[in-house]
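Participant: Protein chains in written order, with numbering that gives the first Met the number 0: chain R, 0 to 128; chain A, 0 to 662; chain Y, 0 to 219.
Derived by calculation from the structure, the hints in this document are not laboratory data.
Predicted model only: the values in this text are computed from it and were never measured.
A few of these clues could be false.
[Stated by the list, open to error] Per label pair, the in silico range of CB-to-CB distance:
| # | chain 1 | residue 1 | chain 2 | residue 2 | range |
| --- | --- | --- | --- | --- | --- |
| 1 | A | 623 | Y | 50 | 47 to 55 Å |
| 2 | A | 601 | R | 90 | 55 to 63 Å |
| 3 | A | 629 | Y | 124 | 24 to 32 Å |
| 4 | R | 93 | Y | 150 | 45 to 53 Å |
| 5 | R | 72 | A | 640 | 18 to 26 Å |
| 6 | A | 632 | Y | 150 | 49 to 57 Å |
| 7 | A | 640 | R | 90 | 15 to 23 Å |
| 8 | Y | 101 | R | 59 | 44 to 52 Å |
| 9 | Y | 142 | A | 655 | 36 to 44 Å |
| 10 | Y | 50 | R | 59 | 39 to 47 Å |
| 11 | A | 609 | R | 90 | 48 to 56 Å |
[What the hints assert, rightly or not] Output of the computed footprint for chain A on chain R, the stretches with three or more beta carbons under 8 Å from beta carbons of chain A:
| # | region |
| --- | --- |
| 12 | 16 to 22 |
| 13 | 95 to 103 |
[As the list claims (entries may be wrong)] Interface residues of chain A toward chain Y, partial, derived using beta-carbon atoms under 8 Å:
| # | residue |
| --- | --- |
| 14 | 636 |
| 15 | 639 |
| 16 | 645 |
| 17 | 646 |
| 18 | 656 |
For each residue, glycine too, the CB sits at the ideal point set by N, CA and C.
The lines below spell out each chain.
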Amino acid sequence: MHLAYPAVLSALLFATGLYGVLARRNAILVLMSVELMLNAVNLNLVAFDVWLDGIARDTLHSGQALTLFTIAVAAAEIGIGLAIVLAVYRNRGTSDIDRLRDTAESGDDPDDAGPGTAAAAAEKAEATA
Amino acid sequence: MTTTTLAVLVPLLPFLGALAGLLLGRAAPGFVRPLAVLPPLASLVLAVLVAVRQGGGRAVDAATELTPTGSVPIELALHIDGFAALVAVLVALVASCVQIYSTGYLREDPRYPSYAALVSLFTSAMLLVVYTGDLMVLLVGWEAMGICSYFLVGHYWETPEARAASLKAFLVTKLGDVPFLIGLLALAADAGSFRITTVVAGAANGGLDHPTLIALLLLAGVAGKSAQFPLHTWLPDAMAGPTPVSALIHAATMVAAGVYFVARLLPVFAASAAALVVLAAMAAVTMAGSALAALAQDDIKRVLAYSTIGQLGYMTGALAVGDRGAAVFHLLSHGAFKALLFLAAGVIIHAAGTNSLAAMSRMRNLRDRVPDAYWTMTVALLALAAIPPFSGFFSKEAVLGAAEHTATGHTEGVPGAAGWIVLVAGLVTALLTAAYATRLWLLAFRGRGADAPDHGRQPVAMNAVLWVLTVPSIVFGLGYGLLPGWFDGRSLTPTFATSVLGTGAALVGGIVTYGAWRHTTALAARVPLGAVAAHPEGDAGKVEAEAIASHAPAYGGVASADDPADPGRLLLGPLHRHAAAGFRLDALYAVLFVRPVLAAADVVRFLDREVVDTYVRAAGAVPRLLGTAVRRAQTGNVQTYVSVLLAGTVVLAVAALLAATGA
Amino acid sequence: MSTALAVTTAAAAAETRGFLSPTGVEIAFLLVGVVTFGAAVVTVTTRQLVHAALWLVVALGGLAVEYLLLTAEFIAWVQVLIYVGSVVVLLLFGLMLTKAPIGRSPDADSGNRPVALAVAVAAAAALVWVVVDAFRTTWIDLSGPAAGTTAVTGASLFQSWVLPFEALSVLLLAALVGAIVLSRRTGGTDGSDGDRRSTAPAARTGSGPDPAAPDKEGAR
Chain R
0 MHLAYPAVLS ALLFATGLYG VLARRNAILV LMSVELMLNA VNLNLVAFDV WLDGIARDTL
60 HSGQALTLFT IAVAAAEIGI GLAIVLAVYR NRGTSDIDRL RDTAESGDDP DDAGPGTAAA
120 AAEKAEATA
Chain A
0 MTTTTLAVLV PLLPFLGALA GLLLGRAAPG FVRPLAVLPP LASLVLAVLV AVRQGGGRAV
60 DAATELTPTG SVPIELALHI DGFAALVAVL VALVASCVQI YSTGYLREDP RYPSYAALVS
120 LFTSAMLLVV YTGDLMVLLV GWEAMGICSY FLVGHYWETP EARAASLKAF LVTKLGDVPF
180 LIGLLALAAD AGSFRITTVV AGAANGGLDH PTLIALLLLA GVAGKSAQFP LHTWLPDAMA
240 GPTPVSALIH AATMVAAGVY FVARLLPVFA ASAAALVVLA AMAAVTMAGS ALAALAQDDI
300 KRVLAYSTIG QLGYMTGALA VGDRGAAVFH LLSHGAFKAL LFLAAGVIIH AAGTNSLAAM
360 SRMRNLRDRV PDAYWTMTVA LLALAAIPPF SGFFSKEAVL GAAEHTATGH TEGVPGAAGW
420 IVLVAGLVTA LLTAAYATRL WLLAFRGRGA DAPDHGRQPV AMNAVLWVLT VPSIVFGLGY
480 GLLPGWFDGR SLTPTFATSV LGTGAALVGG IVTYGAWRHT TALAARVPLG AVAAHPEGDA
540 GKVEAEAIAS HAPAYGGVAS ADDPADPGRL LLGPLHRHAA AGFRLDALYA VLFVRPVLAA
600 ADVVRFLDRE VVDTYVRAAG AVPRLLGTAV RRAQTGNVQT YVSVLLAGTV VLAVAALLAA
660 TGA
Chain Y
0 MSTALAVTTA AAAAETRGFL SPTGVEIAFL LVGVVTFGAA VVTVTTRQLV HAALWLVVAL
60 GGLAVEYLLL TAEFIAWVQV LIYVGSVVVL LLFGLMLTKA PIGRSPDADS GNRPVALAVA
120 VAAAAALVWV VVDAFRTTWI DLSGPAAGTT AVTGASLFQS WVLPFEALSV LLLAALVGAI
180 VLSRRTGGTD GSDGDRRSTA PAARTGSGPD PAAPDKEGAR
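Use the sequences and the hints to build the structure in full.
Facilitator: If you want it as structure tokens, here you go:
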């Protein structure tokens, strides 16, 4: 099998997760997207491990070991992440990411200034990309 | 000890006393009074010793060069001739008297330690000026006196008059000091040295290239320091300082420094006939104008201040006719009796609770309250009015004699015009001087009305000093036979013609004033007038500060009172109004100098605020606009930040790949 | 988009070997991959939050199948156990506890969406381009002994990787404690839930994390 199949699938999943992280409003949905990105990486690790095992360059199975570690770390991450989200929700009454703007330049109304600045940032991003 | 060592100690002791006083003033209040009184007394003893050893013989010269100072060397030099020795004795004597007097006068003043230290520092500076043989060192003492004067005039800084007066004194004298400094440098450049002996020798041999320019530049500084027209306006206002300060600085010593300086460098001035004529004209205007103004003043100390200006005019007049012996003779006798006048005036102000002659003329028995001040002041006023045989008579006759000598063409190198100017002005001033002296005496001691307030006896320290100073006021004039040996050797003996003329003028002035007073004094009862200090039980300094502060609100002006019983008003007629205001010279200066300066300041402010600042503000506005733009990106939305971050990462990665593959 | 990329991939792979190996595993991989990718896309775009979690199950399950196809069977079962079994359950609990709306919520996407789309597309394009360019000729030989059997994985894990493995257990413990600390309500400073905690003040102060937030048990 071509290595390109899992690699491309992994890239696409990663980009999808990226979109979710950047576009979702609910913090838990953002966490789900993060899980998607992690799994994309895991797929890459497993595929490359299998490839390297096949041509006998790596006998440590480091790819699969790392995958297991990643899964464990991801489990820890989701636990911590959810705890944080719950704490934020309890303090703020919301878990919407774009309403948590304590670091914003003061003086702007956070709700009103959102779309305008986002649009400005979008223009900037498109200009640079 | 050698004479040189003694002479070095004379200015050094008061300086050390001032330092110690400043350092210990708070820590050890018990030492303040000894530290204030003893150094001037020691200096007095040493100065007398120096004078005795010098004895009018050859001048003592000593010099040491601390460090090389380039083309024109500056040396720590002493040059003690008869002039220096005697003036130093006078300075030390008056300073000692003033320090003793101040212990009583400012008995309860919380700022006494710094006051005493400043007086000591001032004394030290004046002695330095007197003894030094180097012009740069002289300048140091000259400026130190200026700054001490500023601080001491402003001693009662709670009153606005004192604040304004101290600033005015400082600025006006500095106005003269700038050309003075330029003149000193020009003089040194011409003569090749700052040493007075070298400069004088060079000037006598005609070694100066620009004698007139230098002399006129130096004259500006002299006019500022010695309160000569047109820079005299600071001196009457400086009476807002404590009376001992007025006695020391503004009568006996500092204002005499200018005269003394010209006396020392007389050959430089004599090298320029034009400078001498200017000096004579300056002296004449000063004499006559100040005497008229003195006749119109209501504040007893301002009368004395204008009188000081006039007497300094006599001295500069004597210098203008090339006789420095007469000038210094008058300086010495005037220093003694003017200090006495001021100190006695301080006692009277304390006793009367007011400094206004109008108020005193409505008090009976004031002379009984202060018998010491009454008698000593009478002596001093007689000396001031140049009545024989008091000291003022002899010294003034020496001046008039010298003027007559010149006017009749007997003095080489001095234009006869200078002599005539000084002689005529001197005779007119003699008449006016006697007039205002009589007026002062009559108003202060012959008052009618309610009894003067009784605050008990004045402190012994104050009264004793008055009697000490009375001695030279009476007998010093008789020294006219000895003094020429100390000075240039020219006779100081009164000539018959000027004696008759001068004394006659003085008698006429006195009698006319008495007649006018008899005529007006009846009016005094009809116009009640007067205000006394709120705290008559306080020490003299406090009473005086209150009297100064209340003069303008109570009498309508710092200088004059609206009193029909004033004989000066009758004598001067329509001139009285202008004379009281010092002939409106201050107003003229305000129009000529102050307003243009203020207008220029306004223009500068406009240029600074509206023109220069525009660029500055614009330079600030552009980054502010940029900052606002950048600030709008700080939305606080984490997702936006991460989006931009990742977009940048992708761009960088693609760019790196393209660069790596060589595309 | 995926079909276009697949065409590119196929074209690239066609140079040395065909798209298909004799076993035809590529076909299965591609089909499952399409399903996985589709489920992922739906996960990040759906407006129903609970549905998003369920579509995530589909995507993660699809990935588990892909692992199986790559002969990494142990990883595959771990994936099913941990991700499908516990992580998604955790996420559902989280949604519940934050009172996420059930049904279509109109504001599931933030205003950042156009930027996010641009960045994601740019990242996808760049990654796919690089990956295809780099690995277009690389062939995975799946015919040999399975690379990811439990025996092989266990041997390598407990011979070569035992130290990191133990370190990881410490990490998990730390995460556990951290999650407890974060989710237990602290003191009376927070007025909004002080009333709910008022029944057990002594327990809160006295006996450590055990009686901590009731949602903690569910979370773990």
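Participant: Does the hinted range 47 to 55 Å hold for residue 623/A and residue 50/Y at CB?
Facilitator: Once the Cβ atoms are compared, 49 Å apart, the range 47 to 55 Å for residue 50/Y and residue 623/A holds.
Participant: With a cut-off of 8 Å on the beta carbons, see whether residue 646/A makes it to chain Y.
Facilitator: holds (5 Å)
Participant: Please test the hint of 45 to 53 Å on the beta carbon pair from residue 93/R and residue 150/Y.
Facilitator: 49 Å Cβ-Cβ, so the 45 to 53 Å window holds.
Participant: Using the C-beta atoms of residue 142/Y and residue 655/A, is the stated range 36 to 44 Å upheld?
Facilitator: Holds - the Cβ-Cβ distance for residue 142/Y and residue 655/A, about 37 Å, lies within 36 to 44 Å.
Participant: Range hint 48 to 56 Å: satisfied by the CB atoms of residue 609/A and residue 90/R?
Facilitator: Roughly 53 Å apart at Cβ, these two residues keep to the hinted range, so it holds.
Participant: Range hint 49 to 57 Å: satisfied by the CB atoms of residue 632/A and residue 150/Y?
Facilitator: holds (55 Å)
Participant: Holds or violated: 39 to 47 Å for the Cβ distance of residue 50/Y and residue 59/R?
Facilitator: holds (41 Å)
Participant: Starting from the hint 44 to 52 Å, judge whether the C-beta atoms of residue 101/Y and residue 59/R obey it.
Facilitator: holds (47 Å)
Participant: Count the residues of the region 95 to 103 of chain R with a beta-carbon closer than 8 Å to any beta-carbon of chain A: does the count reach three?
Facilitator: holds (count 7)
Participant: Does the Cβ distance between residue 72/R and residue 640/A fall inside 18 to 26 Å?
Facilitator: holds (24 Å)
Participant: Double-check residue 636/A for me: the hint is only fine if its C-beta lies closer than 8 Å to a C-beta in chain Y.
Facilitator: This hint holds: residue 636/A lies near chain Y, its Cβ roughly 7 Å from the closest one there, short of 8 Å.
Participant: Should the interface hint for residue 645/A be scored as holding, given a Cβ-Cβ cut-off of 8 Å against chain Y?
Facilitator: Cβ of residue 645/A sits 5 Å from chain Y, so the hint holds.
Comparing the model with each numbered hint stated earlier shows that all of them hold.
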